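**Q** Each chain is listed here by its residues.
There are 2 protein chains.
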Amino acid sequence: MSDLPFLQPLHPHVIALDAMGGDRAPAIVVEGAAKARERYPEIRFIFFGDEAKIEPLLGTYPILKKSSEIRHAVEVVSADAKPSVALRQGRKSSMRLAINAVAEGDAACIVSAGNTGALMAMAKFVLKTLPGVDRPAIATLIPTEKGETVMLDLGANIECDAENLFQFALMGAIFCRTVLGRSEPTIGLLNIGTEELKGHDEVRIAASILRERPIPAKFHGFIEGNDITAGTVDVVVTDGFSGNIALKTIEGTAHLIAHFLRQAFDSSVIAKLGYVLSRGAFQKLKSRTDPRRYNGAMFLGLQGVCVKSHGGTDGEGFACAIGVAHDLVARDFNRRIAEEMAREYGLNSERTKMGEG
Amino acid sequence: MSDLPFLQPLHPHVIALDAMGGDRAPAIVVEGAAKARERYPEIRFIFFGDEAKIEPLLGTYPILKKSSEIRHAVEVVSADAKPSVALRQGRKSSMRLAINAVAEGDAACIVSAGNTGALMAMAKFVLKTLPGVDRPAIATLIPTEKGETVMLDLGANIECDAENLFQFALMGAIFCRTVLGRSEPTIGLLNIGTEELKGHDEVRIAASILRERPIPAKFHGFIEGNDITAGTVDVVVTDGFSGNIALKTIEGTAHLIAHFLRQAFDSSVIAKLGYVLSRGAFQKLKSRTDPRRYNGAMFLGLQGVCVKSHGGTDGEGFACAIGVAHDLVARDFNRRIAEEMAREYGLNSERTKMGEG
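Quick note, the sequences are listed as chains A and B, same order. Just so we're aligned: the first sequence equals residues 17 to 373 in the working numbering. Just so we're aligned: the second sequence equals residues 17 to 373 in the working numbering.
Note that these hints are calculated values from the structure, not bench results. Model, not experiment: these values are computed from the prediction. A few of these clues could be false.
Which copy is meant is left open, so a pair is good if it fits within one copy or across any two.
[Unchecked claim] Pairs of lysine-lysine residues, derived as BS3-like cross-links and limited to a Cα-Cα distance of at most 30 Å, are as follows:
(1) Lys302 <-> Lys214
(2) Lys234 <-> Lys288
(3) Lys288 <-> Lys300
(4) Lys300 <-> Lys162
(5) Lys214 <-> Lys98
(6) Lys302 <-> Lys288
(7) Lys214 <-> Lys144
(8) Lys302 <-> Lys162
(9) Lys288 <-> Lys82
(10) Lys98 <-> Lys234
(11) Lys162 <-> Lys81
(12) Lys108 <-> Lys214
(13) Lys234 <-> Lys69
(14) Lys302 <-> Lys108
(15) Lys108 <-> Lys234
(16) Lys98 <-> Lys108
(17) Lys108 <-> Lys69
One chain only, chain A, in its complex shape (with noise of 0.2 Å):
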């Protein structure tokens, strides 16, 4: 085990906090933490940022201070900053130091609402991939007809060869038997047709690949845009480019239907009428579509949890990031699929026996 120590964190209940980034930070960020940990009574924090701006923040909150430390750090990874320059010039930003805790065993995870491709650039250099993955991708929940599905790469790799799209099946079924409990999750390829012949090389490689290999997974086959909020399968499967803007087309379309609501219930006197009597309808809506609730991405297949939080979102929102973080660490999903990856690519016994410690 000597060579996998993220494997077992030090301070399994400790989560590093780039208290800097996002739009309202330090803020959002301490009032998140707040609130997280009234939901995980046994975690601490280490807030890296601008001592003098998170202290009077945490002032407010008593029983979060007792259990946080603040480690300052003078730079900011800025909203707009080239993922490489970043890297180069970030080594003394919070976010950087947020990382470098989980590396050195500090903290078991990282939570940034800061700038996603520094943020995947600097855990990937500093965290590096677990052994047999060859990318990690960005994962998160998506709220469908049947409950939710897990849709990964939403990205971090704008092309895939079929053993990277291979890899996100195998992580999103073995995030949806750890963290979400299901015991025999479907994995779907997304295709533009549902006929084996559709689409590029890549997929249909991937789809021969789930086809032929024992995973711990049904594979579905092809599914189609429709098919992600269907919930046709647990896990969506695609490469980064194709995943982002599926993502950003759900929450597109869900803005462009709430308008036309809004629009709809304004034109009479006796809509508004309905509309004062359905607001409890409409709050159970709101709250099942609420994008605080699926905050939160996760950046799978590193040496260690990484969760990127919506750099726009409030206080709800980045607990909800935090939440995500701690499942991750709590239900030992790094282990999971270490030893899946050993099992899949005969990696060296040594690192297979995760169990031996």
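Go by the hints and put chain B onto chain A.
**A** Showing chain B alone in chain A's frame:
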């Protein structure tokens, strides 16, 4: 002009219909034609398909019958036929004969609710692409917060190079100008970020081409998935893989929200009462997102107008698809594409002097 006879159809008011394509053919084809005939009294139809089935249906629409002709076709392209097989073996199919009618000048356009891949393969083979156009694209209108946006390609070309994307942009822009009457359409390239460095080579090169060459539109730059329904641009340009996924993701998300709404309004008596009062508002919403209104995917870039109706639509939806074909012919869309391509690629003057016929 003798080399481009398709630009002056002998029978500009005649529409060829594949009467056997779609789930409920030929009934919905005849019903749709009857509705379209009411909207455009000048048009006439040639129905291709099983005369024994079409004849009695036509009998129930005396006015339509007077302006229609049936041409018997013994074969039908099945919904699951591979395009290559349909092309080789479907020479006597209703779909093929309807396309032939356009090539031979008997009709100005063709509408089919049949197998999309087969329709595209046959239309390309029989009609050929317009001079200068490397690949035809599938386009459709999408409802947005600002009105309507045209998106292409939706699946004809899984992989596209930068020049293909540029040509799609031109065709989309000309569609906006001629059919939608927008004098200065804006073009957006679908990507996973708006920064210049985002995305794969093809989209980045296409962006630089669109910035450099004079085009009959304004190049907005990159857009993301949520911009499609926000109506950020008039024309969304993308490869057929991403475009198809985006289109179906929009459909799926609309379906999901309708599902959530139904559940929310079913959850209490007060909500149900609210629904009754809100019925007018919901009708308004429904009509704005009615897929029948947006039925009729256009195959752009061919030497003839070809429109694909959704296979599962009803008479109203099929009538809308006929309307799309009608508008493309009436607005002389193909002539404008041919002119633009001639200008863009400096095709010989014999071909470019479209006006001299």
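**Q** Flag every earlier hint the structure violates by its number, smallest first.
**A** Hints 1, 2, 9, 11, 13, 14 and 15 contradicted; others consistent.
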